[in-house]
Amino acid sequence: MTAFFIRRIFQMIIVVLVSAVASYALLNLAPGGPLAGLRQQQQNDRFRITEEDIARIRAYFELDLYLPYRFTRWLIGEPRGPLVIGGQEYFSDLIVGCRKPVETESLNQETGEFETRVTGCNEYVQLKDLEGRRTSRGILLGDFGLSWRILRDRPVADLLLSRLPKTLQLIGLSTFLSLLIGIPLGVYSAVRQYSRFDYIFTTLAFIGSAMPTFFFGILMIIFFSLVPKEAGLPYIPAGLSESVRDYTIPLIGDVEAGSFKDRVLHILLPASVLTIVSISAYSRFVRASMLEVMRQDYVRTARAKGLSERIVILKHALRNALIPFITIVVFTLPGLFAGAIITESIFAWPGMGRLYLLALGDYDYPVAMSIFFILAILTVIATLLRDFLYTLADPRIRLS
Amino acid sequence: MTVAQVANLSAEAISIEERSPLQIILMRFRRHRLAMVSLILMIFIFTITVFAPVIAPFEVQELSVNKYFVPWGTVDEETGRVHHMGTDHIGRDYFSRLIYAGRISLTVALISVLISETIGIVIGAVSGFFGGWIDSVLMRFVEFMLTIPTLPLLLIISAMLLRDENLIPIPESILTFMGNLLLLTPRDARSAVLIILILAGFGWLNAAQLMRGMVLSLREQTFVEASRSLGASNFRIITRDMIPNAMAPIIVDASLGLAGYIVGEAALAFLGFGIQDPIPTWGNMLAASQQFMLDRPWLPLVPGLPIFICSLAFNYIGDGLRDALDPRLKL
Numbered sequence: 000m001t002a003f004f005i006r007r008i009f010q011m012i013i014v015v016l017v018s019a020v021a022s023y024a025l026l027n028l029a030p031g032g033p034l035a036g037l038r039q040q041q042q043n044d045r046f047r048i049t050e051e052d053i054a055r056i057r058a059y060f061e062l063d064l065y066l067p068y069r070f071t072r073w074l075i076g077e078p079r080g081p082l083v084i085g086g087q088e089y090f091s092d093l094i095v096g097c098r099k100p101v102e103t104e105s106l107n108q109e110t111g112e113f114e115t116r117v118t119g120c121n122e123y124v125q126l127k128d129l130e131g132r133r134t135s136r137g138i139l140l141g142d143f144g145l146s147w148r149i150l151r152d153r154p155v156a157d158l159l160l161s162r163l164p165k166t167l168q169l170i171g172l173s174t175f176l177s178l179l180i181g182i183p184l185g186v187y188s189a190v191r192q193y194s195r196f197d198y199i200f201t202t203l204a205f206i207g208s209a210m211p212t213f214f215f216g217i218l219m220i221i222f223f224s225l226v227p228k229e230a231g232l233p234y235i236p237a238g239l240s241e242s243v244r245d246y247t248i249p250l251i252g253d254v255e256a257g258s259f260k261d262r263v264l265h266i267l268l269p270a271s272v273l274t275i276v277s278i279s280a281y282s283r284f285v286r287a288s289m290l291e292v293m294r295q296d297y298v299r300t301a302r303a304k305g306l307s308e309r310i311v312i313l314k315h316a317l318r319n320a321l322i323p324f325i326t327i328v329v330f331t332l333p334g335l336f337a338g339a340i341i342t343e344s345i346f347a348w349p350g351m352g353r354l355y356l357l358a359l360g361d362y363d364y365p366v367a368m369s370i371f372f373i374l375a376i377l378t379v380i381a382t383l384l385r386d387f388l389y390t391l392a393d394p395r396i397r398l399s
Numbered sequence: 000m001t002v003a004q005v006a007n008l009s010a011e012a013i014s015i016e017e018r019s020p021l022q023i024i025l026m027r028f029r030r031h032r033l034a035m036v037s038l039i040l041m042i043f044i045f046t047i048t049v050f051a052p053v054i055a056p057f058e059v060q061e062l063s064v065n066k067y068f069v070p071w072g073t074v075d076e077e078t079g080r081v082h083h084m085g086t087d088h089i090g091r092d093y094f095s096r097l098i099y100a101g102r103i104s105l106t107v108a109l110i111s112v113l114i115s116e117t118i119g120i121v122i123g124a125v126s127g128f129f130g131g132w133i134d135s136v137l138m139r140f141v142e143f144m145l146t147i148p149t150l151p152l153l154l155i156i157s158a159m160l161l162r163d164e165n166l167i168p169i170p171e172s173i174l175t176f177m178g179n180l181l182l183l184t185p186r187d188a189r190s191a192v193l194i195i196l197i198l199a200g201f202g203w204l205n206a207a208q209l210m211r212g213m214v215l216s217l218r219e220q221t222f223v224e225a226s227r228s229l230g231a232s233n234f235r236i237i238t239r240d241m242i243p244n245a246m247a248p249i250i251v252d253a254s255l256g257l258a259g260y261i262v263g264e265a266a267l268a269f270l271g272f273g274i275q276d277p278i279p280t281w282g283n284m285l286a287a288s289q290q291f292m293l294d295r296p297w298l299p300l301v302p303g304l305p306i307f308i309c310s311l312a313f314n315y316i317g318d319g320l321r322d323a324l325d326p327r328l329k330l
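For the record, the sequence lines run as chains E and H.
Quick note on numbering: the first sequence equals residues 0 to 399 in numbering that gives the first Met the number 0.
Quick note on numbering: the second sequence equals residues 0 to 330 in numbering that gives the first Met the number 0.
The shape of chain H in the complex, shown without the other chains (with noise of 0.2 Å):
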């Protein structure tokens, strides 16, 4: 053996694969089980909502007269459609109205996550970098939401905007968007875009706060020293050398966000200050149930459950992310 052929042997001994960053996440990623679960289960209850007018047998809205509670797979005689999960109380087929909720309510939880999510990076971001009065302000305000209790506060305003429906003007393209994504009218559409208003407006308090503390330590960091030195200005520095670089733990957040905007939802069309009972939600379905679940203790449990799955899949995808992007937030 050649004294170059032995240099060729253990420098190929001794290099491991060579993996992107990217990588590193995916494999740290799927190393956390229960995480990997939850996401396939997670983009398989996306898929069927994404393809709800498909594998729906029946319109949302469509009543089937006197069939009211009809059991499990009772087939409709006329169409030769099948009640997959029976119907509610006034003959709506249960399995098409909890596809579509499950499209209304993942949406209305995405669009809400996107927009705190952004709200509070630009606020964290701001704050963060500038400091002085603007940060103090901002600051002791949303020290002070945070202290509030949530829940009066998202009663007390969506009870306000939903009372007039034409409080707020929302354009027309926004519904008529939210309306085709939602495969509603516009008309209907708009408590959808006011609950998300209503999430994300008190929804981003945390993200801020997360994005200011990872601006304050990357300031200090010489490669915003260098970016600096060579005339970026404030707002480069911010775009590209900050927000990338704390991305790890808002991203994190997003994902808890996300369960958190589902189970809020529901809540609020729970008590009946959501989105009202012709546009199926899993929260106004639970509401509906309870009313009859003295004779049918377990009907309850067909809007509840999808609820709490999705709950709990987004907090474990959440946990599993943390592991992955930044293991020092594990706590």
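Excised from the complex, chain E in its bound form (with noise of 0.2 Å):
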């Protein structure tokens, strides 16, 4: 057991920085990036950006540095400077980077269009030129470094801890309905197996889990907010997680902005959405491991001794089933801190799937790499506590 709890974080720390290398590269690898539009502006006589203008914005986005460089810096916030041991320091010549890069022009024949390619360097970046350079302590010392477009210089962990909160509360209030509910669903459904209810029940489990979120989410905000409020009637507010201005909705009276009403009233929506739709895979799921249970011998054995029909499915059988499900209720903490992407976007909800499309979209990389790295790590732990509580819930499971 602890040889294979040993073997298994050991495993962890290769995958996290697999993932850590994977999600920086994926980013950095590609050109463009947050100079694309800065030669566009060029064109512009008014705002002429000088190539010493370009060597600063390069050297603040540390794209003047070579990529293993640039990678160790961000993962662990070295090198900072000149190699010092003793009062002496090393290799403080050692070229890392360029500032000024040669770029020359040539016209493909082929494709008739113009490539620009790096050709040299008139200025290099040397390792002692590091020092004094801001920079963070590295991710994997908790530190994940500034953001680049959404809160300009601000920690990405400011901004992550600012709307953490308001995913929790998302998707923390639906996981918790969805397995309120859908757990009873699906044993109610295996246990009357053929009767009208779990022909209902399937079919619309069926429905829900072909229906596409971002559809569903905007039938929900056509049917419960647009068309009543135009027709007069009560509705509920949809976008955003707390309303800007006071507002009146019909029947249920006036709304103060940011009043505990108010915000009841903004998850109502996004928090039904996910609900139903995970009711509809946790219960499909509960229902598929109940029937199986349910022909076991040991629920025979439970029934043939006189046990009551209700000891027999909650204690026998639900309890058996329920063990694969592990593995669905743990993997929901990765999306706990992920959030719903889809959802969030939809209804404007200002949570971490929101701010992961945004920084994506904002070429943000320090948050975008943040939030996958974080995900990553979340993942492999999940992936772990698994594997143990497998071994808590079924003893005939051995780890080794």
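Don't read these hints as lab results, they were simulated from the structure.
We put the CB at the ideal spot given by N, CA and C, even for glycine.
There could be a bad hint or two in this list.
If you want the ones that stay clear, here's a sample from chain E, every Cβ over 10 Å from chain H, calculated [what the hints assert, rightly or not]: (1) A19; (2) L82; (3) Y187; (4) I221; (5) V243; (6) I251; (7) V263; (8) L306; (9) L356.
Okay, the calculated bits of chain H under chain E, using three or more residues with CB under 8 Å as the criterion [what the hints assert, rightly or not]: (10) 141-150; (11) 153-159; (12) 193-199; (13) 266-279; (14) 288-302.
Here are some chain H residues pointing at chain E (derived, C-beta under 8 Å) [what the hints assert, rightly or not]: (15) A258; (16) V262; (17) L285; (18) N314.
Assemble the dimeric complex from its two separately framed chains, guided by the hints.
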């Protein structure tokens, strides 16, 4: 058992490192990036951008450093400057980047397009130049660096922390509700297999799992917000997590912006979308698992002993049927953090999912990379947690 | 009645009509009524999209100036063509765009399924057949990829790929082929090819797991042993014995995969990381309609319903195929 966990933790470290490299490489290997718009602006005479400006901006985004150095600075905050051993500086002349690359344009004969290629370097960056430059302490040590665009020059951690509560509220509420409703529905449907309830339920759950979230969200807005509002009926506000100004809803009355009532009304629609979608997934899973367990010998034995049906189902069948459910519940952990990207973007819910989308669209790489990196770590932790919980729930499973 | 006559009679009486495996499968599939309805519906939708240039009254990019959001059935005065579903916010015919969008969405989904199932079959078969460290490395990778939330990963990759068009070199012949298929210029077809690569690149995991499981159980079968004792090579055993026998779950997976890809492609386009606007897809039409929802609450239904219907139909077809091909698979 101990050996197993040591090995797994070792594997975890490797996976985390690999996903760090992957998430960094994904966004940084591609050309373009934050400098993409600058060259177009250069055409304009009033805001002429000099070569010096570009060098400064490149330094700001650390684009003047070679990729391996950029990566280690992002990962562990090193190198910060020359290596100092016993008061003596080493490697201070080591070239770590290029401040002013030489770019030559050539005409591609085949496509007839101009191609810009970096052919040399006018001014190199040396290790000693890094001294005094601002850097994060490294993402592995919990410092996510500074945001580039969304909240310029503010720590990414602040941005994440400001969004996290909203996501936890939304995903926490909907996960809780969908487990609370989904499990009993699945159990009931399995116990009454082939009944009318089961038939209606399986059909609805089937449709629910085929329904794309983005379309479902829009349908909810149409039917519960737009149309009733137009018709002067009580409606549910859609968009944002709380209103900007006070409003009045027929029958419900005046709602003060930012009040508890306001926030409850705003979470209603996104939470129901997420809840209904997960209910159909969870309950289908529970139903299938229950049906399988109910065929087992030990359930028949329990019945033969004369136990009441209630105890047979709840104690003997359900407990075992829920074991594979551990996987699903544990993997809501990364979801709790990442949020529901689609639902949050439809309802303009200011959570992590929307932040991730904004960061990707805005080239705010430090934010996007941090979210993706944390997501990978949480996924790894969830895997470990799942294996551990399985051994607790099912003594037959041995970790080795 | 002579003895011979009696013998004949009873032989006739007890023999049942002979059916080929295909006939049995078809019969079982036909019993699943919703799957049949879905199949007919999908064939109908496919036919419409195949004949898109014939059916659509307008060109995809054709603008009718000053005619924004005209009501359904408006007749274009100059040419006498009908805007069956009106026009969109910059005066393009909605109905024509919907059909062309369907052609793109369905083709992207179909090709993604073909590619991802092929990758899945090959990797699953290799992993299951050879076992050992290849198997454990491949399956660890598959397991890890399956646990990572898909959407963030798809988004980060399409954000990267779509930002720079020439990041991945794609042979001109493929672009021209896809362009002809989707009725786009090769340049526009690039984003469709990229989306296919992204979707298929993450879609093969399930198929690989299924295939590996099937190969593991088939490996112990006597007909494989017989094949090997006759001197068949590994390649021949895999391609002739394993893959044909493991097709049932793969076909079911492919049909469910089609539903997944249609929704996935639409989701990426909806979030702005898929095929972009001048090229119509159901996803980006839905995203565009969201801006005008306040004034026209019913507008999103037009591009949204086809996505939902296709997703539901392919799910039902998958369900029916599962019943027909392998009743044991049923949950």
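Do the hints match the structure? See the list:
1. A19: holds, 13 Å
2. L82: holds, 34 Å
3. Y187: holds, 17 Å
4. I221: Violated: least Cβ distance 5 Å, not greater than 10 Å.
5. V243: Since the minimum Cβ distance to chain H is about 16 Å, E:V243 lies beyond 10 Å and the statement holds.
6. I251: holds, 21 Å
7. V263: holds, 23 Å
8. L306: Answer for E:L306: holds, closest chain H Cβ roughly 27 Å.
9. L356: violated, 6 Å
10. 141-150: holds (count 5)
11. 153-159: This one holds; 5 residues, not fewer than the three required, reach chain E with a Cβ under 8 Å.
12. 193-199: violated (count 0)
13. 266-279: holds (count 5)
14. 288-302: Three-residue rule met by the region 288-302 of chain H, so holds; n is 7.
15. A258: Nearest chain E Cβ about 6 Å off; hint holds.
16. V262: holds, 5 Å
17. L285: holds, 7 Å
18. N314: holds, 4 Å
In this structure, the hints that do not hold are numbers 4, 9 and 12, in rising order.
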